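First to last, the protein sequences are chains A and B.
So for the first sequence, numbering that gives the first Met the number 0 puts the first residue at 0; every next one is plus one.
So for the second sequence, numbering that gives the first Met the number 0 puts the first residue at 0; every next one is plus one.
Don't read these hints as lab results, they were simulated from the structure.
Just to be clear, a hint being listed does not mean it is correct.
[Unchecked claim] DSS-like cross-link-like pairs, simulated, lysine-lysine; straight-line CA separation at most 30 Å:
id	chain 1	residue 1	chain 2	residue 2
1	B	K25	A	K402
2	B	K62	A	K434
3	A	K54	B	K65
4	B	K22	A	K847
5	B	K34	A	K874
6	A	K802	B	K25
7	B	K113	A	K151
8	B	K34	A	K402
9	B	K22	A	K54
10	B	K113	A	K429
11	B	K22	A	K192
12	A	K847	B	K113
[As the list claims (entries may be wrong)] Partial list, derived from the structure: chain A residues whose beta carbon lies under 8 Å from chain B:
id	residue
13	H174
14	E175
15	G180
16	I182
17	R187
18	T195
19	F196
20	G197
21	F329
22	L331
23	A898
24	P901
Only a predicted model underlies this, so the values are computations on that prediction, with no experimental measurement involved.
By construction, the Cβ of each residue, glycine as well, lies at the ideal position given by its N, Cα and C atoms.
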Amino acid sequence: MSTSAPTEVKERKMDTIKLTINGRDVIAKTGVTVLEAALNAGIYIPTLCYDPDLKPYGGCRLCVVEIEGMRGLVSSCTTPATDGTVVHTETERVNRSRRITMKLIIANHHGDCLTCAKNQDCELLKIARYLGIEQEHIDRLRKGTQVLPVDKSHPAFIRDPNKCILCGKCVRACHEIAVVGAIDLAFRGNSAKVTTFGDEPIVESICKSCGECVARCPTGALMPKWEKPPAKEVKTVCPYCGVGCSIYLGVRDNKIVSVRGDSEGPANKGSLCVKGRWGYDFINHPERLTTPLIRIPDVARQAGHNGRVQEIFREAKWDEALELVANKLFELRQNYGADSIAALSSAKCTNEDNYVMQKFVRAVIGTNNIDHCARLCHASTVVGGIAAFGQGAMSNSYSDFEKTELFFVIGSNTTECHPVLGSLIKRRVKFGGAKLIVADPRSIELGEYAAVRLPHNPGTDVALLNGIMHVIIRDGLEDKEFIQERTEAFEDMRQLVERYTPEAVEAITGVPQADLEAAARLFGEARSACILYGMGITQHTTGTDNVKSIANLLLLTGNMGREGTGFSPLRGQNNVQGACDMGALPNVYPGYQRVDDPAVRTKFETAWGCKLSDRPGVTTTEIANAILGGDIRGLYVMGENPVLSEPHLEHTRQALERLEFLVVQDIFLSETAWMADVVFPAAAYAEKDGTFTNTERRIQRVRQAILPPGEAKPDWEIISTLAEKIGQPLCYQNASQIMEEIASLTPIYGGVHFNRLDNDSLQWPCPDALHPGTSFLYRDGFARGRGKFHAVDYVPPAESISKGYPLVLTTGRVLEHWHTGTMSRRSNVLNELYPNGVVEMSPDDATKLGLIEGDLVVVASKRGRVETPVHITEKSPPGLVFMPFHWREAAANILTNDALDPVAKIPEYKVSAVNAVLAVLDRASQDNAFLARLAENPAEALKEYEVTAEEKAALMSGDIRKIESWLGKLDERLKTWLMLRLSQEKW
Amino acid sequence: MVNPSIAQDTQVLLQEQERTSEKQLKEILSSYQGKKEELIPILQQVQQAFGYLPEPMMKKIAKFLKLPESTIFGVSTFYAQFKLVPSGRNIIRVCRGTACHVRGSAEILGEVEKQLGIKAGETTPGLEYSLETIACFGSCALAPVVVTNGKVHGRMTAPKAREMLKKGAH
Ligand code: SF4
Ligand code: SF4
Ligand code: SF4
Ligand code: FES
Ligand code: FES
Chain A
0 MSTSAPTEVK ERKMDTIKLT INGRDVIAKT GVTVLEAALN AGIYIPTLCY DPDLKPYGGC
60 RLCVVEIEGM RGLVSSCTTP ATDGTVVHTE TERVNRSRRI TMKLIIANHH GDCLTCAKNQ
120 DCELLKIARY LGIEQEHIDR LRKGTQVLPV DKSHPAFIRD PNKCILCGKC VRACHEIAVV
180 GAIDLAFRGN SAKVTTFGDE PIVESICKSC GECVARCPTG ALMPKWEKPP AKEVKTVCPY
240 CGVGCSIYLG VRDNKIVSVR GDSEGPANKG SLCVKGRWGY DFINHPERLT TPLIRIPDVA
300 RQAGHNGRVQ EIFREAKWDE ALELVANKLF ELRQNYGADS IAALSSAKCT NEDNYVMQKF
360 VRAVIGTNNI DHCARLCHAS TVVGGIAAFG QGAMSNSYSD FEKTELFFVI GSNTTECHPV
420 LGSLIKRRVK FGGAKLIVAD PRSIELGEYA AVRLPHNPGT DVALLNGIMH VIIRDGLEDK
480 EFIQERTEAF EDMRQLVERY TPEAVEAITG VPQADLEAAA RLFGEARSAC ILYGMGITQH
540 TTGTDNVKSI ANLLLLTGNM GREGTGFSPL RGQNNVQGAC DMGALPNVYP GYQRVDDPAV
600 RTKFETAWGC KLSDRPGVTT TEIANAILGG DIRGLYVMGE NPVLSEPHLE HTRQALERLE
660 FLVVQDIFLS ETAWMADVVF PAAAYAEKDG TFTNTERRIQ RVRQAILPPG EAKPDWEIIS
720 TLAEKIGQPL CYQNASQIME EIASLTPIYG GVHFNRLDND SLQWPCPDAL HPGTSFLYRD
780 GFARGRGKFH AVDYVPPAES ISKGYPLVLT TGRVLEHWHT GTMSRRSNVL NELYPNGVVE
840 MSPDDATKLG LIEGDLVVVA SKRGRVETPV HITEKSPPGL VFMPFHWREA AANILTNDAL
900 DPVAKIPEYK VSAVNAVLAV LDRASQDNAF LARLAENPAE ALKEYEVTAE EKAALMSGDI
960 RKIESWLGKL DERLKTWLML RLSQEKW
Chain B
0 MVNPSIAQDT QVLLQEQERT SEKQLKEILS SYQGKKEELI PILQQVQQAF GYLPEPMMKK
60 IAKFLKLPES TIFGVSTFYA QFKLVPSGRN IIRVCRGTAC HVRGSAEILG EVEKQLGIKA
120 GETTPGLEYS LETIACFGSC ALAPVVVTNG KVHGRMTAPK AREMLKKGAH
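Bound conformation, chain B alone (with noise of 0.2 Å):
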């Protein structure tokens, strides 16, 4: 459908990201029968191809496999690997784990919490961070630890923490 409101060739260009998608959609269900078993490979195989698993796609599966939208949904957020929105370009790990969490990691998460405006599991709304809390990392000695797209940050406070992201965790 035509909106008036975007431009022209941004226009262009969403149309074409769809069909790119749609294309990409079909193929992968295309190696399935349309059981309703092959629901969560399915989802696995749409998030593994896409990051996430986006809205029209769980439509168009739930078609796909004569299932009701909501069951998708349903099945979507009971599984944690699945996510339905796209990572945020930096992903920041709280980890609580049993030595961080005595050191006082959920305060450490309730400060990022409030700096990001997000819980953790969400995307900041222009995909900039994705905040994830983690079991033990294994870095115990450094405990609080927070990682930063793979870096560690050892021996966190919620000071810091604020610094980090208002230095812009990167």
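Bound-form chain A, shown alone (with noise of 0.2 Å):
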């Protein structure tokens, strides 16, 4: 990265050495390059294959220089600069043999410029006026035509080895940023270029698609195919994931046409995913929702889509819908009372949005029913974290994990999920030193840089733990000072996880105890150390105990409130944790400032003028049931997709069908919203103001960079408008009004101010305006005062295998999707990479089943079926299958475990028992007991139906003719398979 010196500073500090560039004194820190040196001087030298970010490589040799003393010309991207250098970098000899390079580099270069769409900033051409080189030259210079292929194969870039300079900076990023390795340099002379492993089309190879090398290269080899030069840029924050990629998104007529990272962001340095950087598109995409609608009378309220839009709903003016929904709400309030209405609010929306939503529940409807889809990723965390520290949130920072020495991933493919950050940490390990362990029972990614891998079986995590500690203590690795001093309750634990020795552990677990001590060895050794987990963890009936026994663990070893060390849950979506701490959750106000609390209550109503209801609201999770019981009539969904999210799908829509009423408010006609009867256009995150918190509480300006379609509008302001209608109004001008009333009510919020976070970004707590943020927590202690250990017991999963579900089933999402697809489905590039659901399963339970890839398959848990293709990989071990989320028509929540952690009440969807058969097996079977049978235990079946010595015979040598002419005409895959499966039977 580059440093930045100041030029002409008077008085010299230590680690400075001064130089002579061109006869000017220049200062410059000690360890930086002659280039590096210059340029931080205001002194231009061309350079094609320097980048600040990149290992110098030295390749391009335009940056030359003469360096007194030094014989030659040196380059100066790759020398060292020393105190008291003398360097001219504008000589005559300097230009000549800048321009002989240029001039090679030229004719190597095929193309025509003016057809290029880099020309606009191409490096290439930029130097070679700068050398004095013009048009015409270029031209002339070009030899001949060999021409390369072009890859298109990509859907968001195109890769031309013809414009390619080899300046190999593409290479580098990819392997020193992205730390993917997907191209790299092959061939030598005339065909040498950059291309994957075979020469493959980039798509085929294992490129992830991040664009880190488009971003990098200075010609027009690499290029964005959709892109276009915006007219203007405005700095804003990635919707997606929790990472909280900083972002400029490029604006031209009022559309987005480009995004690029921001290098001084601080969670990102400039690095985004595929998501980040090409899934912009939706926000354009001709669905959006540009008016409010209103649901046809007498057109049921049916889950999936059934018919075309016009023909269940009717467009609205604004007035109407909101007047609609007004008297609606008040009705069921004087009804039935304020506690039959609930609401979702979304970690998609602005801080703001989600504290006007939950004031808008609390204060104009009068319940405490407000949750979110929190609930179903970290309400565990948020639990057990309060628990063992008395906070939820992530204790430490990114910045931290710069200096972390050993890195504990487990229940997060982070690579996927969190790719910014999944880059970082293979950086930290490939680069820097770090080491790292992974528990994961899947063969994730990360795996593959790991010292110790612990592919642990699904649902044993406690387990797992509370056996690295017995080693640890067993070996008296433990911190003794840190728990003598900062912890409490130690002895419990301490005599519970007595019992875990290494070989109990191997039995749950699946884990060789060899790796379990090597991995407890590494953890209690490591003098700084963190630990980084997702929905692996929290998404259990255990959930809470499995983040309690990660809080066990660092705390064991001293791990917390130091610079490098700390509990890290891995939020998932963009504002999750902003969510949360605005308190749309159903127990507490913003700042987890609890509603049963009568002192802080009694702010609350000073604060908004008005009484507050003391009781607790229900849970996400507990919606479904309390509709069903009748208990809540009418639900008001904001940005959320309960239809697809919620486990166990079936339950979830017929609770949403016997809704009295529902609203949805979102960008979308999500799958939820079709069975709304009303719906209001939502802004996207691009057309609005306001800020998101990242995963480590980092606070960051969401900026609007175009209108929004038609009559949609910010989500705070349609809450606002309709409390209006309500006879209450809450009366904000603008999004900063509202984090003005934030942070005078919630003080771990107290310091934020819009005015703050024009340049910059804070992290809570930052409770006064002259406090500049925290970047770890418990520094001098926990939230609570004294860590607390808990005693945790392994409990099983609340679903096993059994004879007719022999598989386990466990969720999740891929690196190229969002969610339930909302808007990554609606984004061209992420859609093209990865179209379609699947089911991932090894290729030793594809072998059993007979599956081959591709194949279509049902997978049927207890509470439903859906069919899907078979991808057969060995990233899932035997007896393990996965499935991504997000999409409705293979919804693998139709599968889910809606079984809830007691506590946090959130669902197991990593856990679930199903099977799964051929499609057309399933089908054909379904009508023909005997062909089921077969299929299931053909030696059985014979013995069990009477066929004759003919029929047997034709069975048992698999005459496949035969067979049709008494089971019927059999479709081609099944009779394929069938062949197979009879050949393998030991009859």
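Make one complex out of these two single chains by using the hints.
Below is the structure:
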């Protein structure tokens, strides 16, 4: 990374050197190169292969300079600056050499600058002009035309090797920043080019589509397909995941036409992943909601897409739609009380939207029935974190990761779900000497970088962590001083883990004892360690226990409250941290202030000028039952899609069908919106102002780049107007005003004001206007005083495999998509990269089931069934299948178990018992019992059914024609399947 | 993985082959430590054992050395000594030395390429022929020269080369 050294400093600091460039004194930091010293001093040196984020390469020879006392010209990008060096950057000799080099490069650069989309900002062209090589020269210099094939396979960018100057920036970006290594220089001489393993089209390679290469290419060799030069750029935050990458949206004609990573972004330093970089086109999608919709009377509220929009809804004016909702909510409250209404807020919306929503529910409606999808992802983190430390948020920051010696990643597929963070971890391990332990039932990518891999059985996290602690205590590796001074309840925990010997743990988790021991030693001996985890920990009936176990391990080894250490739950959504902070939870006001604490309540009653309920509300996961039980009759959903995201969907759908009144506010007609009585069109993130809080508690500004389509409005504005209609106005002029109110009532946000966020971001707690924010928590003590150990015993998952359901299903996300697909499936690039759902299965299980890649299979649990293609991969261990939950056509959540963690009420998405059958077989055997039996167990079938000797022979020899003559015509795929099955049978 | 479209015995055979070559590779790798500098010697040894660098082997070497697969590919294609496809059963070499060149070896090469449908350095899909070019073969008196499976054919012309291939250059 470039180090900025002020140029004309009068007095010199300790770690600086002085050199002379072109007769001028220049002060530079020790350790910089001659090139960096010059650039920092504002002296231009042309470069083609230098990039401040990449290791020096010295490939292009354009940066040559003369250094007194050194023979010949040297490339300044690889020469360290030393004290007293005298440098000349613009001598005749230097420039002659540069011109020769440049001419050689151009000679090998085929293509017509006039038609090249890059010509506006082509580095090659710029430098050619700088060196006085003009257009006609350039054309003349071009050697013949050896035309190499152009790779257009990727939906987002084109690779044209003919325009490539082999500067190697893309290769280094891919290896050093993304740490993927999809491309490298290959072949020699005239044929040399950058390509993938096997010279395959990029889309078939291991490329992760992050675009780090494209962003750095100095020529038109790597070009985005759809981007247009923007008229202006607006700095804001990526709307996808909780990493919180800072981006610049390019705007032209009220459309988003480009995205660029913000090199100063505190979370991403310019990096982006495939979603952030290419997944922006959903904003301009023609299906955006542009006007309020009202369900046509008598159209039944049914789940699933049924019919055309016009047959279900009619367009309405804001006034009418708002009036209708206001009256209906009022009526429900009159008839059944305020608690008959519930609302789901949204982790996709801004802090300001969430604040206004929860205030509306509490102050205007009069209930605490507000929750959001954090219930489904990190509810157990909040409960477990508060129990152990007094606070449920991530205790550290990405900046800590730069100093961490040991990463322990458990239940997080970081490279797919938090990609930019995933790359950071890979960089730290590959280039920074950090060590990594990965615990995951699946062979996730990070595993390749791990010193120790712990592939534990799904749902056995507590046993695994107890086992690690057992070894640490047995070997005396615990931090006795830390335990003594900063924790409590150690003894109970110690006694409990005594039982978790490596042997006992192996029996439960399937992890070999030696690996457990190795991991324990690594963790116990590390000077600084942090534990990163995701849904693999939280989405269990033992979610809270899992989180407490993680806290135990951190406390045991004193890895809290110091730089480089800490508790790192990776929050999923862009603003799930913020939505929790804002009190979109049934038991707390903003800033985790409890609704059942009278002092707190009085504070909010005074501020909001109304009486508030002291009863904690119902959680997201309890709403379905409350509806079916008649307790909840009206539901207001803002930017969530429970019809796809809840576990055991059939149950949720039935519940929503029973509602008396459903309002949905969204940017698209989501699966949930299809069921609504009234739909409000909302503004998307690029169309409004506000703030998002990322997973490291960092509050960043979201800025309006374009106008919302049609009559869509920011969420907070819709709710405020609705409140006005109900007769209790919430008066806000803009988002900044809302933040002022948040700050005044929420101690951890006390010092957050928009003017402080203009050029900066703040990490909470930030109690007052002068406080700089907090990068890591608990330096001087835990929020609850002492850190508390919890003795947690292993309890198996709620559902276990059985003869009928012999496979464990676990669910999750894939790199290219987001949650229920409302946004990502409306992005052309993302959709093309990963167009449909799959079930991932091990080669072992596939062989057993006679499945080949791409076969349509029926996956069924006790709760329902879905049909989806199978993807056979070593990523899945035998006995485990994996389904992403993004697709309504193959909704994984039809299968998932709605058993809840007793405290956090988070469902067990990660373990359900299922079976899988070839779809054609499933269909055929539905009405053919013999076929069903034959498929299941041919030898037994022969015994059970009366078959003639001839038939028997046909079956045993796999004579498919004969078999068809009495079973009826069979599907082609079914035929090959059956033949294989029969041939494998030991008769 | 089972592929029902292939006969069972072929499948067994393929699996068998895969297992033995895997064993062979393991043996080769066992004498190395997994350091980056060992890449070239490993590639050389693998090529010696298999005659070329099969893709699955390159992937395994990448894993062993903890290097990206693309880097292994880059190195393998950079050095002329490495082959990425197995050689054909018949190796045809066209001399591109000076003497042969002035007597029209370019035309001969073009003709052979046309006949075989491959470029120099490539192998026909059925592994029948590999086509290579060589620097002076030391038989300039006979220029232009084509060597098939070690047999020298002098005073070649494009039509003669065509005839030869038609008859089958074994
Ligand atoms: S898009 Fe990312 S992963 Fe793909 S080649 Fe470029 S840098 Fe590598
Ligand atoms: S594709 Fe672009 S970045 Fe990569 S080597 Fe070629 S010119 Fe450089
Ligand atoms: S890592 Fe997350 S925040 Fe960053 S670009 Fe990707 S999706 Fe957006
Ligand atoms: S910038 Fe120094 S050699 Fe390319
Ligand atoms: S040049 Fe061809 S044999 Fe000498």
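Item to check | Status of the A:H174 interface restraint (C-beta, 8 Å, chain B) | outcome: This hint holds: A:H174 lies near chain B, its Cβ roughly 6 Å from the closest one there, short of 8 Å.
Next on the checklist: Checking hints one by one. Is A:P901 an interface residue toward chain B, by the C-beta closer than 8 Å rule?
Outcome noted: violated (42 Å)
Next on the checklist: Would the hint on A:G197 be counted as holding, given a Cβ-Cβ threshold of 8 Å to chain B?
Outcome noted: holds (6 Å)
Next on the checklist: Given a cut of 8 Å on the nearest C-beta pair, is the interface hint for A:I182 held or broken against chain B?
Outcome noted: With a minimum Cβ separation of about 5 Å from chain B (threshold 8 Å), the hint on A:I182 holds.
Item to check | Satisfaction of the A:R187 interface hint, Cβ to chain B closer than 8 Å | outcome: With a minimum Cβ separation of about 5 Å from chain B (threshold 8 Å), the hint on A:R187 holds.
Item to check | Agreement of B:K25 and A:K402 with the hint, judged by alpha carbon distance not exceeding 30 Å | outcome: Distance of about 37 Å is beyond 30 Å: violated.
Next on the checklist: What's the verdict on A:K54 and B:K65, does the C-alpha distance respect the 30 Å limit or exceed it?
Outcome noted: holds (19 Å)
Next on the checklist: Tell me if the straight-line CA distance from B:K113 to A:K151 falls inside 30 Å.
Outcome noted: The hint holds at about 28 Å.
Next on the checklist: Against the 30 Å threshold, does the CA-CA distance of B:K34 and A:K402 hold or violate the hint?
Outcome noted: holds (26 Å)
Item to check | Pairwise hint evaluation, A:K429 against B:K113, where the allowed Cα distance is 30 Å at most | outcome: With Cα atoms ~48 Å apart, B:K113 and A:K429 exceed 30 Å; violated.
Next on the checklist: Just to be careful: measuring from the Cβ of A:L331 to every Cβ in chain B, is the smallest value less than 8 Å?
Outcome noted: Violated: closest Cβ of chain B sits about 57 Å from A:L331, beyond 8 Å.
Checklist entry - Is the Cα-Cα distance between B:K34 and A:K874 30 Å or less? => result holds (26 Å)
Comparing the model with each earlier hint shows violations of hints 1, 6, 9, 10, 11, 12, 14, 21, 22, 23, 24; every other hint is respected.
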